[in-house]
Amino acid sequence: MPDYVMEVSLKMNVTLQSVTKCLITSWKGFPHLLHILLCSNRALSSLRGDTAVIQSEIPSESCCGLVNVDFLSKKGQRCQLAKILLFTLVPIVSLSVITCLSMINSIPDYDTKNAIRQGIYISIEIGNVVHHIQIERGTSVLYLSAYSDPRIFEKLQKNYRKSNAAIENLKVWPVYSKEDPEYFKSKNAYFSRIQEYRQLVVANNVTRKEVIKFYSDIIASIIRCLAKCASLSMSGELWRTMVAYHMLLLATDAVGVERALGSSFYAEGNTSQTDLAWYIKMNMAANTYLNICSQYSKPMAKLLSDRLSESKLGGLLDGRRWQIISNISTVLHTPSAVLALKWFDNRTVFVDILQGIQDTSGKGILADLETDLDEISTKHNFSIVLVVGAIILYPTILMVVFKLTKQIQAVAVSMKEQAFLLSKERKRSEALLYQIFPVSIAKKLMRNERVEPQLYKSATVLFSDIVGFTSICSTFTPFEVMDLLNLLYRTFDAKLGKYDVYKVDTIGDSYMVVSGLPDVNEDRHVSDVSYLAFDLLDTTNQLKVPQLSRRNAYLNIRIGINTGPVVTGIVGRKMPRYCLFGDTVNVASRMESTGKPQHIHISSYTAEALTKYPYFKPVKRGLIEITGKGRMMTYWLMRTCSQSELHVPGSRPLTPQ
4 MPDYVMEVSL KMNVTLQSVT KCLITSWKGF PHLLHILLCS NRALSSLRGD
54 TAVIQSEIPS ESCCGLVNVD FLSKKGQRCQ LAKILLFTLV PIVSLSVITC
104 LSMINSIPDY DTKNAIRQGI YISIEIGNVV HHIQIERGTS VLYLSAYSDP
154 RIFEKLQKNY RKSNAAIENL KVWPVYSKED PEYFKSKNAY FSRIQEYRQL
204 VVANNVTRKE VIKFYSDIIA SIIRCLAKCA SLSMSGELWR TMVAYHMLLL
254 ATDAVGVERA LGSSFYAEGN TSQTDLAWYI KMNMAANTYL NICSQYSKPM
304 AKLLSDRLSE SKLGGLLDGR RWQIISNIST VLHTPSAVLA LKWFDNRTVF
354 VDILQGIQDT SGKGILADLE TDLDEISTKH NFSIVLVVGA IILYPTILMV
404 VFKLTKQIQA VAVSMKEQAF LLSKERKRSE ALLYQIFPVS IAKKLMRNER
454 VEPQLYKSAT VLFSDIVGFT SICSTFTPFE VMDLLNLLYR TFDAKLGKYD
504 VYKVDTIGDS YMVVSGLPDV NEDRHVSDVS YLAFDLLDTT NQLKVPQLSR
554 RNAYLNIRIG INTGPVVTGI VGRKMPRYCL FGDTVNVASR MESTGKPQHI
604 HISSYTAEAL TKYPYFKPVK RGLIEITGKG RMMTYWLMRT CSQSELHVPG
654 SRPLTPQ
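Once you know that position 479 of the sequence shown is 482 in the numbering used here, the rest is easy, because the numbers rise by one and skip nothing.
Since the hints were derived computationally from the structure, they do not count as laboratory data. There may be inaccurate statements among the hints.
[What the hints assert, rightly or not] Keeping only pairs whose Cα atoms sit at most 30 angstroms apart, straight-line, the calculated BS3-like set for lysine-lysine is:
1) K506 / K430
2) K615 / K506
3) K345 / K305
4) K430 / K447
5) K345 / K427
6) K506 / K447
7) K165 / K212
8) K501 / K620
[To be verified] Simulated DEER-style distance windows between Cβ atoms:
9) M485 / R450: 57 to 67 angstroms
10) V403 / L376: 33 to 43 angstroms
11) Q545 / D586: 32 to 42 angstroms
All of these numbers come straight from a predicted model, not from anything done at the bench. Think of the CB as a built atom: it goes at the ideal place given N, C-alpha and C, for glycine as much as any other residue.
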């Protein structure tokens, strides 16, 4: 539950309990009631903001965007609950959709890397076959160039057996494409075609160029398969490694052709210009492919440099290569099977180095691909677990959210009821305070503001009392006295709302009223009090008091009025009172005490102020001895018309003329 809700609840409970206890106390507990009212009103005023928060938290809302529905009504609660459940569903559905889209988007990447892995795996698997086929190609060209040499024939047969063993141990075969020859569809077809072609080579029924082309076509099909794999990996760092790997394969094949042409040169003692141009082309192609390979893969370049340094073939191969390009094998241009075999073996060592780099790089690429594929698979599995977990947990989440929402709604309903009760009690306590203090003063006290004493230059004070009240108290029972006072004062209080006056106090039978403070009303205070005085006299004449009627007695009151400066202020802490001080108050009291029954006794100050109002006629009474003031001229207040003509009930008093 939010902190402010608990705070509001606590304050409301304390306030309601305090007000309730005070309302049931007796009249003797009135000072405590007044103190609690002040404290509770301050608390209630501080809670206005909290009540506003509560009300702002439970407004009327548009249910489904159609009509305004109270949030705390049954329909509003259902709509709000549906919204919360829908909002709960949105992130779960969004999570599932995003996860599924991520899985879908990663599938092409997975398929691409898997295809590359298959291509590299095939390349490594048949790399041994290709290596032996390249050696067989060179040996076949060497055999055709030195047909009668038994050593070369024996070497050729030995290479046939190695190639056969490599083909038989092969577990996979490259995917056939339209660019490949028909015999490349399967391993058996390929092996049969190799066997047929070997017979032509042994019988010397093919040319060197045809032999190179036949074997190069087989190798080219495998290289094309690897080129497709390289074209698939066009993102990240893998494509650079694949391009370098592809260049290495092309360089190895070009070196193989260069080896075959060089062997033919030494076996025959010279070479034709066509074969020489072909050799130079293969030599340049091999160097170009190796340079590109080194640029795209620094690890391959370093590995090649280290392997060549260890083999110490650089200088020897450069010298032999210069002889071939110069077309000078020996001084006499005689064939040499020994030189041909030496060239072949030295170039084979170089091819073996390239083959070793190819295998090492292929395994490295496979390891990287396996890591990437494992990572993608892990992400897929995690995504699947996440989606399945979200789907499984959703009913539980809905149930929890449903229960929490119902609890929140119950708390909101309770808070609304307490807020209503709080507002009701606040109004009741304010009404009680407004009966004890003027409205402006009560508001300051509720705001916990200090009420400073204040001087009013002109105000009119009225005192009234019951004539013969002492004898009434001696002959009436206490309950009859209380009933008499309640009847009289309730009737008087009902008249106060018609005039701009404030009831200051009631002490026994004394009734004190003032006008012109705390809200200044210019000079109108004297007329308002005069209107009220005549109204009270008429009310007393018309009032029927059962206690007096049974004794054939009548109720008479005396009224005294004085106008002048007054000082006001709050006095006391346990029972604070709004009090009036000054000679004006004392003189008004003396006007009342020296007056006559059913007469309005006013001072000369009040009589002078009433000269502006033609509806009132002060009649001089004469000099009267006033305690503390000496002899003063006083007046009886008369009227020139009836009370109904003086003032229309419910309207504001007439302005002076």
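Here is how each hint holds up against the structure:
no. : hint                            : result
1   : K506 / K430                     : holds (20 angstroms)
2   : K615 / K506                     : holds (25 angstroms)
3   : K345 / K305                     : holds (27 angstroms)
4   : K430 / K447                     : holds (16 angstroms)
5   : K345 / K427                     : violated (116 angstroms)
6   : K506 / K447                     : holds (18 angstroms)
7   : K165 / K212                     : holds (23 angstroms)
8   : K501 / K620                     : holds (22 angstroms)
9   : M485 / R450: 57 to 67 angstroms : violated (36 angstroms)
10  : V403 / L376: 33 to 43 angstroms : holds (39 angstroms)
11  : Q545 / D586: 32 to 42 angstroms : holds (35 angstroms)
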